[in-house]
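K.L.:
Listed here are the chains, written in short residue letters.
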Amino acid sequence: MTIQYPSEEQIRASVREICRQAPLTERPTILSFLRDMSRNLGLRQIFSGTWDVIVICCTLFAVVGVVGAVELRTTVDPRQKASVFLFAFSPVFLFLLFSLSVWKEAEGPVWPIKMTCRYTVRHLMAFRVFCITCLSFAAVGFYTLVLSCVLRLRGLPLLCVSLSSLFLYSLIQIQAALSVRSNWAACGLLALWVFGNCAAALLWPRFYWELLQAVPTLAWVVVDALLAFLFCNRYGIYVRRACYAESM
Amino acid sequence: MSIDKEASLIKRIQRQGDRRAAEALISAHYRETYAFVYRQTGDLETAMDLTQEVFLAVLQSIHRYDPKQAGFRTWLYRIAAHKLADLFRSPEYRFRQKTVPLEELTLLGDGSPEEQWMEADQLRQLQLRITELPDEIQSILRLRFYGEKSFREIAEILSLPEGTVKTRYYAAIRTLRKEADEA
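Listed in order, the protein sequences are those of chains A and B. Counting in the numbering used here, the first sequence runs from 835 upward without gaps. Counting in the numbering used here, the second sequence runs from 1124 upward without gaps.
Just chain A, same shape as in the assembly:
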C-alpha cells in the first residue's frame, strides 16, 4: 500500500498546531500546588462537610489527652510512661481524622457537587491530607508541650519522640495511599499499625521504653529531619499523581 504523506510544510504546520493546542505547562511543585489550592479554596471549602469529623476527633483527642495526663501525674516514673504514651498515642488523632474523613466522603452526597468544581476529588484529597497532617502536628506538638509542663519534664525529647511517631505514621499513610488503590484498604493497613502500636505499648511498656531511651535526643532530631524529608518526597509524588491522574 502506498502511503500518501502530507508535505513537509503540512507536517510542520500540524506540529505547530499540536503544540499550540497542547496544555504545555511546568510541572507543579508541592509548594505551588499548596499555594494554589489554599488561595483558591481556603480552609472553609477544603473541610466542607467534614467539620463534624474534626469536632469528634478533637474532642476524643482532648479527652484521651486529659485522661492520659492525669494518669501520668500519679505514676511513679512519668518520664518513662510519657514517652511510651506519646509514641503510641500521637498518630491516633491523624488516623481518626483520615479514616473518618474517608468514611464521610464515601457516605456523603458531595461527589456530584465536587465534580462541578474546578478541582477534582483527587486534588481535594491531596490537599486535605496535607491540612490534616499539619493539624495533627500542631495538636500533637501543643499537647506534648503542655504535657511536659504539667509533668515538669524536658520538652524537646518528648517532642522529638511524638513527632517521630507522627512522621513515621504519615509516611506509612502516604505510602499506603500510593501503593494501595482503595482508601479502605489504606485505612485497614493504618489501623493495624496504630492499634498494634497501642497494644504493644500497653502490653510491653518496658520494652518500648528501653527502645525509645536507647536513642539520644540528637539522633531523634536527625530521624525527624529524615522522616520529614521522606514525607515531603512521597507527598510530592502523591500530589503529581493526584494532579495528572484524570488527564489521560
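If you're looking for bench data, these hints aren't it; they were derived computationally from the structure. These numbers come from a predicted model, not from an experiment. Careful: at least some of the hints might be erroneous.
[As the list claims (entries may be wrong)] In silico lysine to any residue, SDA-like type, Cα no more than 20 angstroms apart, as pairs:
#1 Lys1134/B with Cys853/A
#2 Lys1206/B with Glu860/A
#3 Lys1134/B with Leu979/A
#4 Lys1206/B with Ala856/A
#5 Lys1206/B with Glu851/A
#6 Lys1191/B with Asn1067/A
Take the given structure of chain A and dock chain B to it, following the hints.
P.N.:
Below, chain B without anything else, positioned relative to chain A:
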C-alpha cells in the same frame, strides 16, 4: 533520534513544559505515527486529524509517562491504537464507511483504477469486519497488519503476555477468514 536525546526531550517537556522540545519530539515521530494511522484509514485528512489527536493526547498525559514502564514508541503506539479504536467505534465513521460514494474512494495502489478500487474496497470490507471484533483483538490485528509489529512488540504495547497475543491473533484470523469465505 537516539534514546538519550529522546529521554532528554521528554524530561524538558515534563519539567518545564518546553514547547521546542515538544516540537522536536513530535516531529521525530510524526511520519511513523501518520503512516500507522494512514494504513488503517486510507485517507490523508482523517489520518492527519487522528495523528494530531494522538499527539495531543501524548502531550496531555506526558507528565504521567514513566520511561521505566515502557519505551516512548511503545507508549505512543498504545495511545494511537486506542485513538484508532475510538474512531472505528464511532457511529459517524461506521456510517461513512457503509455509505461512501464511489467518487470519494481514494486510490491507494499503483495498478489500474479497477485494481485500485478493488484494493480500496477490500480494505474497507476488512476494516468493517475488524470493527465488529472486541477492542483488544482489534488493537492486536491493527498493530500486526498496519503497524507491522512483531508479536513481542504488540505484547509490550498492549501489556499482554506474548502467548495471549498469538492465540488471540490466530483466532481472529480464523474468524475473519471464515466470514470472508461465507461472504
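K.L.:
The structure should be examined with respect to each hint, and the outcome stated for every one.
P.N.:
Status of each hint after checking the structure:
Taking the CA atoms of Lys1134/B and Cys853/A, the gap is near 16 angstroms; set against the 20 angstroms cutoff, the hint holds. Distance check on the hinted pair: Lys1206/B and Glu860/A sit about 26 angstroms apart at the alpha-carbon level, beyond 20 angstroms; violated. Between Lys1134/B and Leu979/A the alpha-carbon distance is near 46 angstroms, which puts this suggested pair outside the 20 angstroms criterion. For the hint pairing Lys1206/B with Ala856/A, the CA-to-CA distance comes to about 16 angstroms; that is within 20 angstroms, so the pair holds.
Between the alpha carbons of Lys1206/B and Glu851/A the distance comes to roughly 18 angstroms, so the proposed pair stays at or under 20 angstroms and holds. At most 20 angstroms may separate the alpha-carbon atoms for a hinted pair to count; Lys1191/B and Asn1067/A meet this at roughly 19 angstroms.
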